[in-house]
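Asks: The lines below spell out each chain.
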Amino acid sequence: EAGVAQSPRYKIIEKRQSVAFWCNPISGHATLYWYQQILGQGPKLLIQFQNNGVVDDSQLPKDRFSAERLKGVDSTLKIQPAKLEDSAVYLCASTGGGSYNEQFFGPGTRLTVL
Amino acid sequence: SQQGEEDPQALSIQEGENATMNCSYKTSINNLQWYRQNSGRGLVHLILIRSNEREKHSGRLRVTLDTSKKSSSLLITASRAADTASYFCATVEADSWGKLQFGAGTQVVVTP
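Protein chains in written order, with our numbering: chain E, 288 to 401; chain U, 6 to 117.
Honestly, the hints are just simulated from the structure, not real lab data.
These numbers were taken from a predicted model, which means no experiment stands behind them.
Don't take every hint at face value.
To spell it out: a stretch of chain U is covered by chain E in this simulated footprint if at least three of its residues, at any positions, have a beta carbon under 8 Å from a beta carbon of chain E; those stretches are [what the hints assert, rightly or not]:
1) 47-58
2) 95-108
Only pairs whose alpha carbons sit at most 25 Å apart, straight line, appear in this in silico DSS-like list of lysine-lysine [stated by the list, open to error]:
3) E:Lys349 <-> E:Lys370
4) U:Lys75 <-> E:Lys331
5) U:Lys74 <-> U:Lys61
6) U:Lys31 <-> E:Lys331
7) U:Lys61 <-> U:Lys75
8) U:Lys74 <-> U:Lys31
9) E:Lys331 <-> U:Lys74
Beta carbons are placed, not taken as given, at the ideal position from N, Cα and C, and that holds for glycine.
So that you can see chain U by itself, here it is in the shape it has in the complex (with noise of 0.2 Å):
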């Protein structure tokens, strides 16, 4: 079973517009990560959250943490073309040795 539940299933923007979508998991956490998978570059890590961090950011993106609602978020400021991609949390437990449980993801697309 998949620990992660993404929302929406799917996202349709504009360039230039903001991108945004949760993630929800059931379990404690030593970690949540965001991968992005396109048929060009596969599956590729955008950013980690450890769980006692609430919010990070690298470069265009931003990702909230709320343990208390076991959910995240992640943000895509001025989207481009190049962002359309399906986006995937990911959450680490602990103890896991590393093991990855992702969700069913969100597909993004950005309409030039």
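One chain only, chain E, in its complex shape (with noise of 0.2 Å):
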């Protein structure tokens, strides 16, 4: 069974501009989360999506970021304008659902922003 695919796997880019980060996730299933890491930190919960509809994205700074799962499928995670300290790994997770089910990660994408 292929894992959760993501892409790219490392990004540099300057203060200002913007970045996109894509996710494929395990098929079938339906329930999808994009976490933030900090260096030294555990991932934090940015968006969680069921399906193609926003279930959670109550830590989403949407001043800059946004993310859409237009078929239920893959996903796109965007960041415009980039700050400094959005330099973070951004790792996508699936899961079949519900509360007792183990969420699978992808590799991530370590962002740099300079």
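The two chains are supplied separately, each in an independent frame; assemble them into the complex guided by the hints.
Replies: What follows is the structure, encoded as structure tokens:
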């Protein structure tokens, strides 16, 4: 079974530029999550999708971050404009649904904002 | 803000020794999960314990949960160099659609 795919793996940008990350979850997984992991910290949930609907985006900085999952499969997370404090690893995860299911994580995208 | 707090922040042991790390959390939970993260395999689920369970085993892993104290522990027995990683506890609250709230993690180094 293929895992969660993410691209790119690494990205370096200047502050105020924009950047987009892509995630392809495990086939059939209805729930998709984006997490931000700052160095030395645990992952923090940014947004959660159930199929193509947003379930929780309470911690998403909506003035600069946006995410979509148009067909209930792939998802894109965008930052515009980026700030220095956005430097982090962005993790995508998926699950078949329910509170008792483990989440499967992708390898992440390491973003450096200069 | 992060829900769980792991203790210790870092742990260094030799192969064959046991490693114990603790997690405390703040709110009522539906379940608690432990994940491992290393550079080679990313973030991987280890074990899930439900709020009505007190102890669970999986291979060399033993997890306990005390909901009255809002705490959990993870024990790795007979550690191996390959167990070197960061370990995170993550809680799931009721009616949260499975949303994970992670702690800051415990860095474990196992020396051959």
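Asks: Each hint: holds or not?
Replies: So, going through the hints one by one against the coordinates:
1. Counting residues of the stretch 47-58 of chain U whose C-beta sits closer than 8 Å to any C-beta of chain E gives 6, which meets the bar of three, so the coverage hint holds.
2. For a cut-off of 8 Å, the count of residues in the stretch 95-108 of chain U with a CB near a CB of chain E stands at 11, and the three-residue condition holds.
3. For the given pair, lysine 349 of chain E sits about 14 Å from lysine 370 of chain E by alpha-carbon distance, which is consistent with the 25 Å threshold.
4. About 20 Å separates the Cα atoms of lysine 75 of chain U and lysine 331 of chain E, which keeps this hinted pair within 25 Å; it holds.
5. Taken as a hint, the lysine 74 of chain U and lysine 61 of chain U pair is honoured in the structure, with Cα atoms around 17 Å apart against an allowance of 25 Å.
6. With a C-alpha separation of about 16 Å, the suggested pairing of lysine 31 of chain U with lysine 331 of chain E holds against the 25 Å cut-off.
7. A threshold of 25 Å between alpha carbons decides the hint, and for lysine 61 of chain U with lysine 75 of chain U the separation of about 16 Å falls inside it, so the pair holds.
8. For a cut-off of 25 Å, the pair hint linking lysine 74 of chain U to lysine 31 of chain U stands: about 10 Å separates their Cα positions.
9. For the hint linking lysine 331 of chain E to lysine 74 of chain U, the alpha-carbon distance of about 24 Å falls within 25 Å, and the restraint holds.
In summary, this structure violates none of the numbered hints.
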